[in-house]
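*Asks:* Top line first, the protein sequences correspond to chains A and B.
Under my numbering, the first residue of the first sequence is numbered 3, with each subsequent residue one higher.
Under my numbering, the first residue of the second sequence is numbered 414, with each subsequent residue one higher.
Keep in mind that a hint or two might mislead.
Simulated crosslink set (DSBU-like; lysine-lysine; CA at most 30 Å straight-line) [as the list claims (entries may be wrong)]:
{"id": "1", "chain 1": "A", "residue 1": "Lys69", "chain 2": "A", "residue 2": "Lys28"}
{"id": "2", "chain 1": "A", "residue 1": "Lys12", "chain 2": "B", "residue 2": "Lys724"}
{"id": "3", "chain 1": "A", "residue 1": "Lys154", "chain 2": "B", "residue 2": "Lys752"}
{"id": "4", "chain 1": "B", "residue 1": "Lys981", "chain 2": "A", "residue 2": "Lys108"}
{"id": "5", "chain 1": "A", "residue 1": "Lys108", "chain 2": "B", "residue 2": "Lys724"}
{"id": "6", "chain 1": "A", "residue 1": "Lys108", "chain 2": "B", "residue 2": "Lys752"}
{"id": "7", "chain 1": "A", "residue 1": "Lys11", "chain 2": "B", "residue 2": "Lys647"}
For the record, the hints were derived by calculation from the structure and aren't laboratory data.
No experiment lies behind these values; they were computed from the predicted model shown.
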Amino acid sequence: MGLNIKIDKKILPFFLMLLQEGVGIKSRVGVSIKDMLKNHLGITDEYIDKRISTVFLDDHVVDDLDKAKIKEGSILALSGAMPGLVGATLRTHSFYASFRDAITYKEKADALTEKKGLFKIKLFNVLLNDLGPVFLEKGIILEGKRMAEVIKRHPEIQNHIKGISLDDKTVDLYELYKKLSSEDTSQAQCTIILNIEH
Amino acid sequence: MDKIIRINMGAQGNPEVKVESIGEYSGLGGRGLTSAVISKEVQPACHPLSENNKLVIAPGLLSGTMAAMSGRISIGCKSPLTGGIKEANAGGQPSQMLARLGYAAIIIEGKPKGNDLYKVLINKNGVRIEKDNGLKMLGNYETVERMKKEFGNKISCISIGPAGEMKLAASSIACTDTELRPTRHAGRGGVGAVMGSKGVKVIVIDDEGTAMREPKDRERFREANRKFIEGLRKHPVTGEALPAYGTNVLTNILNEAGGYPTYNFKEGRFAGAARISGETEAAMETERGGLATHGCHHGCVIRCSGIFHDKDGRYLTKQPEYETVWAHGGNCGIDDLDKIAMLDFLDDDIGLDTIEMGVTIGVAMEAGLIKFGDADGAINLIKEIAKGTSLGRILGSGAAVTGKVFGVEKVPVVKGQALPAYDPRAVHGIGVTYATSPMGADHTAGYAVATNILKVGGFVDPLKPEGQIELSRNLQIATAAIDSTGMCLFIAFAVLDQPETFQALLDMINAFYGLNLTADDVTAMGKNILTMERTFNKLAGFTNIHDRLPEFFKKEPVPPHNVTFEIKDEELDTVFNW
Numbered sequence: 003m004g005l006n007i008k009i010d011k012k013i014l015p016f017f018l019m020l021l022q023e024g025v026g027i028k029s030r031v032g033v034s035i036k037d038m039l040k041n042h043l044g045i046t047d048e049y050i051d052k053r054i055s056t057v058f059l060d061d062h063v064v065d066d067l068d069k070a071k072i073k074e075g076s077i078l079a080l081s082g083a084m085p086g087l088v089g090a091t092l093r094t095h096s097f098y099a100s101f102r103d104a105i106t107y108k109e110k111a112d113a114l115t116e117k118k119g120l121f122k123i124k125l126f127n128v129l130l131n132d133l134g135p136v137f138l139e140k141g142i143i144l145e146g147k148r149m150a151e152v153i154k155r156h157p158e159i160q161n162h163i164k165g166i167s168l169d170d171k172t173v174d175l176y177e178l179y180k181k182l183s184s185e186d187t188s189q190a191q192c193t194i195i196l197n198i199e200h
Numbered sequence: 414m415d416k417i418i419r420i421n422m423g424a425q426g427n428p429e430v431k432v433e434s435i436g437e438y439s440g441l442g443g444r445g446l447t448s449a450v451i452s453k454e455v456q457p458a459c460h461p462l463s464e465n466n467k468l469v470i471a472p473g474l475l476s477g478t479m480a481a482m483s484g485r486i487s488i489g490c491k492s493p494l495t496g497g498i499k500e501a502n503a504g505g506q507p508s509q510m511l512a513r514l515g516y517a518a519i520i521i522e523g524k525p526k527g528n529d530l531y532k533v534l535i536n537k538n539g540v541r542i543e544k545d546n547g548l549k550m551l552g553n554y555e556t557v558e559r560m561k562k563e564f565g566n567k568i569s570c571i572s573i574g575p576a577g578e579m580k581l582a583a584s585s586i587a588c589t590d591t592e593l594r595p596t597r598h599a600g601r602g603g604v605g606a607v608m609g610s611k612g613v614k615v616i617v618i619d620d621e622g623t624a625m626r627e628p629k630d631r632e633r634f635r636e637a638n639r640k641f642i643e644g645l646r647k648h649p650v651t652g653e654a655l656p657a658y659g660t661n662v663l664t665n666i667l668n669e670a671g672g673y674p675t676y677n678f679k680e681g682r683f684a685g686a687a688r689i690s691g692e693t694e695a696a697m698e699t700e701r702g703g704l705a706t707h708g709c710h711h712g713c714v715i716r717c718s719g720i721f722h723d724k725d726g727r728y729l730t731k732q733p734e735y736e737t738v739w740a741h742g743g744n745c746g747i748d749d750l751d752k753i754a755m756l757d758f759l760d761d762d763i764g765l766d767t768i769e770m771g772v773t774i775g776v777a778m779e780a781g782l783i784k785f786g787d788a789d790g791a792i793n794l795i796k797e798i799a800k801g802t803s804l805g806r807i808l809g810s811g812a813a814v815t816g817k818v819f820g821v822e823k824v825p826v827v828k829g830q831a832l833p834a835y836d837p838r839a840v841h842g843i844g845v846t847y848a849t850s851p852m853g854a855d856h857t858a859g860y861a862v863a864t865n866i867l868k869v870g871g872f873v874d875p876l877k878p879e880g881q882i883e884l885s886r887n888l889q890i891a892t893a894a895i896d897s898t899g900m901c902l903f904i905a906f907a908v909l910d911q912p913e914t915f916q917a918l919l920d921m922i923n924a925f926y927g928l929n930l931t932a933d934d935v936t937a938m939g940k941n942i943l944t945m946e947r948t949f950n951k952l953a954g955f956t957n958i959h960d961r962l963p964e965f966f967k968k969e970p971v972p973p974h975n976v977t978f979e980i981k982d983e984e985l986d987t988v989f990n991w
């Protein structure tokens with residue numbers, strides 16, 4: 003399913019929450035995290051250095067964004083700097099890295115072929131607001147039932163939706179909810195592109 | 414702040430109050446002062462609930478001044494939970510008010526003969542103590558309401574709930590916040606039981622007619638405070654993440670790291686984490702008309718707390734913080750923030766440590782008393798404690814006792830105190846601190862971070878595995894020192910990354926007291942405190958065997974990383990070699 007929703011910025015936070023649980027992204031795989039963020043998503047070096055302080059790839063804490071490579075089906079999670087000793091320990095290049103040596107990412111793959119692929123992105127805390135809109139506007143992939151849950155939990159969004167197109171057909175929010183929550187399609191992957199009216 | 418209030422609850426006839434000079438304890442505050450008094454004046458082998466134990470309540474060195482973040486209060490005693498020395502600290506208003514009245518500490522000693530309950534009023538006219546049996550078995554919220562009716566709403570209160578009156582080992586001492594709600598707790602180690610054993614229900618502090626404490630060098634102090642605040646505001650953790658999401662911002666991160674203990678430390682990841690994360694909590698609070706950003710005391714610039722409203726938009730509790738959300742949430746398989754908030758409210762009202770209670774319920778779930786994920790069952794178990802039933806008293810005695818009663822092998826405690834929200838199998842370094850802290854398992858014992866950057870504790874190579882022992886040692890030293898200042902530990906993040914912010918903190922202390930403390934002096938202070946505490950514990954019967962994590966951390970791998978705790982016992986025994 004392909005879904006295109008035009009929304010008022012006011013209701014953006016409800017959609018941003020999808021990103022903390024993770025959404026699929028179609029992009030390049032076989033590239034380093036740094037390459038992905040910078041060259042494929044257009045995030046600046048300065049932003050990466052200053053704001054993306056905690057990074058996980060496939061459950062492991064990453065120190066070197068240039069070496070760790072995203073693979074088909076990988077899970078990449080990005081966060082700002084976190085509190086607490088453990089929060090500090092989990093940061094990239096943390097002074098306390100030895101504390102979490104057991105879960106530190108060590109790249110085992112030598113050369114990977116760069117190709118089109120699918121991986122999962124998770125965004126946490128301060129990065130949700132900063133980078134969330136970038137991903138939502140580029141397009142995210144998730145099970146239809148998760149989108150249905152957003153509509154069910156926040157029916158007030160109906161007043162701030164400017165238009166919905168499902169597989170190139172115009173539908174209203176109720177029709178969309180019915181479709182996304184029906185047994186036939188709730189498990190199906192849905193590509194969602196948000197058009198945010200600023 | 415040169416006076417000490419000494420209240421002898423066991424005096425002939427009525428409790429006796431003496432106000433004396435700080436004397437030999439001069440220059441000490443917070444944990445430094447509580448641990449010095451306990452070390453010097455309490456027999457290490459005494460029963461924690463006996464007349465020989467003392468309860469010491471001490472503001473920090475900078476409390477009551479214009480210094481930002483200086484509202485922590487330390488409460489010390491011999492712990493009924495661990496059997497060793499204890500310092501638990503809390504935010505709220507009492508620290509600032511007590512300091513402005515000129516008191517460096519309240520020491521409550523002795524034990525009343527009967528079962529009468531007392532309230533203490535401290536104001537500019539002195540100290541008054543009165544019998545008030547009408548307060549018996551009231552929750553902290555109702556107790557504070559009664560004090561407001563009697564003394565007005567410009568007071569602050571330090572109180573215990575029914576758990577403290579029943580002298581349960583998981584009981585806390587509540588301090589009121591800026592809205593005069595009993596939401597800030599010196600939670601750990603059963604300090605509430607010691608207050609209950611002294612027959613004191615509530616201490617009311619009224620600082621009307623007092624002024625801010627004056628520094629010796631006003632200009633230098635003002636400049637240092639300005640730099641300190643600037644440092645806190647510009648740092649991404651203290652200036653952005655904590656104000657926006659509170660400490661619960663850690664849920665998603667620890668979960669992603671696979672170090673988020675779930676189902677009584679069975680797994681390192683919780684499927685419902687996003688439903689109880691700081692991001693979700695903040696959004697819910699804002700949506701319901703609560704607050705996602707709120708300070709627990711005047712002068713707080715980080716404002717990591719919040720106000721949690723129920724579904725109908727009515728106040729339920731303060732924002733449950735990370736440890737609470739984890740203990741009652743992920744650790745018990747509960748992913749409903751409303752139920753977790755209710756558990757937080759009940760803990761605050763009954764006067765219970767949220768970490769100890771969450772872990773205790775996790776152990777009860779492991780025993781099959783209720784199922785993992787049963788939120789209503791968990792609420793009912795906490796209510797059992799308030800009722801004082803036999804089951805409630807067992808649960809209110811903490812995870813270790815509950816594990817013994819129900820025959821559970823997997824009980825996550827060190828020195829009898831429940832482990833906080835970081836699995837030591839995934840993050841070994843925190844396990845070193847859990848195992849060796851004189852306080853029992855305590856995530857805040859190795860929190861303050863100014864080690865190699867400022868050469869506090871000497872230089873170590875953090876990249877070597879053996880560096881974990883040295884790092885834990887230095888973190889514990891720095892934390893003991895910061896715990897003496899009255900500063901909220903959350904300043905540690907800015908201090909970690911910004912040497913000038915650490916320097917500003919030192920400059921504030923120096924300007925206030927007319928001193929010239931250096932980083933070496935801070936190290937010496939921290940070592941001195943830890944040495945006192947370790948010596949007390951040794952005399953109370955502790956050996957190196959008590960500096961160990963429970964056996965299951967070494968033999969049960971935790972998914973998703975399937976790792977175990979691998980620091981050797983011999984290495985743990987070297988943590989305090991200096």
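*Asks:* Against each hint, give a clear statement of whether it holds in the structure.
*Replies:* Consistency of the hints with the structure:
{"no.": "1", "hint": "A:Lys69 x A:Lys28", "verdict": "21 Å, holds"}
{"no.": "2", "hint": "A:Lys12 x B:Lys724", "verdict": "21 Å, holds"}
{"no.": "3", "hint": "A:Lys154 x B:Lys752", "verdict": "21 Å, holds"}
{"no.": "4", "hint": "B:Lys981 x A:Lys108", "verdict": "24 Å, holds"}
{"no.": "5", "hint": "A:Lys108 x B:Lys724", "verdict": "45 Å, violated"}
{"no.": "6", "hint": "A:Lys108 x B:Lys752", "verdict": "40 Å, violated"}
{"no.": "7", "hint": "A:Lys11 x B:Lys647", "verdict": "28 Å, holds"}
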